[in-house]
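Position chain B relative to chain A; hints supplied.
In order, the protein sequence lines correspond to chains A and B.
In our numbering, each residue carries its 1-based index in the first sequence increased by 145.
In our numbering, each residue carries its 1-based index in the second sequence increased by 103.
Simulated from the structure, these hints should not be mistaken for lab results.
There are no misleading hints in this set.
Cut-off 27 Å, straight-line C-alpha distance, at most; resulting in silico cross-link-like pairs (DSS-like, lysine-lysine): (1) A:216 <-> A:186; (2) B:130 <-> A:148; (3) A:148 <-> B:287; (4) A:263 <-> A:283; (5) B:177 <-> B:248; (6) A:263 <-> A:288; (7) A:393 <-> A:343; (8) A:148 <-> B:294; (9) A:343 <-> A:383; (10) B:555 <-> A:155; (11) A:148 <-> B:550; (12) B:296 <-> B:555; (13) A:191 <-> A:249; (14) B:543 <-> A:148; (15) A:155 <-> B:543; (16) A:338 <-> B:505; (17) B:172 <-> B:254; (18) A:393 <-> A:350; (19) A:186 <-> A:263; (20) A:247 <-> A:191; (21) B:248 <-> B:180; (22) B:180 <-> B:254; (23) A:155 <-> B:550; (24) B:128 <-> A:148; (25) A:148 <-> B:296; (26) B:128 <-> B:254; (27) A:247 <-> A:355; (28) A:393 <-> A:365; (29) B:180 <-> B:198; (30) A:148 <-> B:555; (31) B:296 <-> A:155; (32) B:130 <-> B:287; (33) A:155 <-> B:294; (34) B:254 <-> B:130.
Small disclaimer: the values here were computed from a predicted structure and weren't measured.
The residues making up each chain are set out below.
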Amino acid sequence: MTKFITLVAKILLMILVLLVVLDWAYTTVYLHSSNRGKVEKVFNSKAQNYDVVILGSSRANNHFVPELFEKKGLKTFNYGMSGAHLFEASLLLKLMAERQYKIKTVILEADLGLCNEKESEAIAAKFLPYIHHSEIIKNHFSKQENFNELYYIPFYRYVDFDALIGFREMYNTATGKPTNILNNLGYHPLGHKPGNMKNDIRALKPIRNKYYEEIKQICKQNNYNLIAIMTPMCTNVKGLDYFEKANKIYPEIHNLENVVQGDQYFSSCGHMNDAGARIFTGVVLEMFFEKK
Amino acid sequence: MFFNSLPFAVFLPVVFLLYWFIFSKTKDTQNAFLVVVSYYFYSCWDWRFLFLLLFSTFLCYFTGIQIEKSTQEKSRKFWFWLSIVFNLGFLGIFKYYNFFAFSFSEALNTIGIHSSPLLLDVILPVGISFYTFHGLSYVIDIYYKRINSEKDVIDYALFVSYFPLLVAGPIERATHLLPQVKLKRSFDFEKAKEGVYQIIWGLVKKVVIADTCATYANAIFDNYTSMNSLSLILGAVYFAFQIYGDFSGYSDMALGMSKLFGLDLLRNFNYPYFSRDIAEFWRRWHISLSSWFRDYLYIPLGGSRGSKLKQVRNVFIIFVVSGFWHGANWTFLAWGFINALYFLPSLLLGTNRNNMETAELHWDFNSIKVFFNILATFTITCVAWIFFRAKSINIAFDYIGKIFTDGTFTSQFLQNQRYSYELLLLVLTFVLVEWNSRFKIEPISGKYSWLKMALCLLAIIALGTYADYKEFIYFQF
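This is chain A alone, in the form it adopts within the complex (with noise of 0.2 Å):
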């Protein structure tokens, strides 16, 4: 029994050794990498001067265009990301801050993702592997369930995110892999797909959302301009009334649901392809933008 518990105990540690190293090998794959995906574009970047920051999920990233931002002269990105919820865009923004980015406007999109406070696995994963060389994103991560193991034990983090950052995703980084999330200034423009245009939104309940008053604080602790703005949805969405709720709890965030009409502007009901999206971004600058 004694040769037994000694072949267990050196398999063990065995298995401890590999989960180290591996963390350490995975952890310096990514913090070397920048042109896979916005986070670690943000996470490995020095100070960065943008007159228009974007934040928010995939209605952010297919919503907003920056190549008719900078036209008008405004250096601008899209920072959205698709099922991103407002815990990793206020992470993100914190990042910007830290990494001490001069930002004049942020635009926010705030509608959907008021409803929860929850993070997006998906997204929030991105930022896991910088989770030991960051105290910022330690902190954002802290009250998460899966804290504890996520932090402490070597390689977990990489291997409950398998899908998103495991071998693959590493292997792909390390060999530097370029991915599309970059190209035409993080903008991601949807084709117009016809289908079903109808959306069921009666179940969501905006509510005062810790992160987005996070974002608020932010802005004003780094002099940073926010406009938050509700972006368009198809006509036949049931519970449209969602938006009027949500500006009842935060009258600053502007209600641009409407102002595109018309499903030959849509992919999906929830997202505009890239005629309704040029449309859109034109009705932001006009609004926010001209008459500076």
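Structure of chain B alone, referenced to chain A:
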């Protein structure tokens, strides 16, 4: 509580330590402890089905004794059929009733008699097909006077519900496991080490091969209408490795952990994809089920005795029933039927026992033939797997038809955000490792075992699929 889950990673060491340090005094304490933890293990899925397991155990235990005690043939038959009817009855109700009711109603509808089936709102108790077959073989063996009934209820309960084999086999025989259960086990380092190696290799098969192949196979099968010929072929190959890695990985883990408790279980897989014909494949795939059907169905039906026609009938019966054992769906029946068709030529030509030894390759002409025979057997096996995996027989035919009609052989980007060809290197590496270790139970033992173990652990940690977690396929049977 799956073998590849964190709760099980706690459960197993705790049970191991208690078994050897607290309950190892006599075989009775060992067995009683294993029965208790096995029931706990089973109740982790759904405690209500524990009563079904207990009922099945006591039914076979009691009827076994009664069959042996009965002096009159009529009485023996009564107890025998009572056990058979109850065991198959439970299996029929939980597993097959809805299928038959639905199929019957469909049949009536097609001839113009409108009816809606009376379906039962029940879930399939995990492992019911396995522990029912344990009980059946035990009772049949007693009836045919091959074994004596077991008088110790704890020993018998352990034979039926021993946790490593409880939910997905291997399907044990009373003649193999009960004699081991009757003896006090002493710790054997070499056996335990072998067990650990087998568990690690089983984990590689499950989390690295099966679960990774599953993400690709699912992305292809679930969207087969938009897939091209190459992707569809790859989908079938990935599924072949998914189901092999999943089930043989589970079996390796079951056999390995049983060795930790000093009990040897029946080998369930013997490198089936290196078979040179379909008869050899079935001697190497799910061996405990194939041999069960051989001994309790095929041979009683006459086996390979009698006229050719009778032999053909027996082959079709055994394969179709075996397919149906997997699940109440026409696709499983079709899978069994196709395998019977594959088997037919070797039966008629009398070549079904040609390849009894493990395949070898050398630099000679015969090896080319062996290589192509292996490839051909694997190819037809993959075709049969399409029926096993598809949601319906029509879809399976569509899938196969599209392979031949699409004619495009370029790589496709799948719904799982990966290219269809990406997994080929991993699969090929796995095949080479298996080929090199085909004369052993697992590839870790032998020379450089520490290095091989480190590589396996590295693969489990770094290449395993965890986020897209999948349960073992055979748990649903």
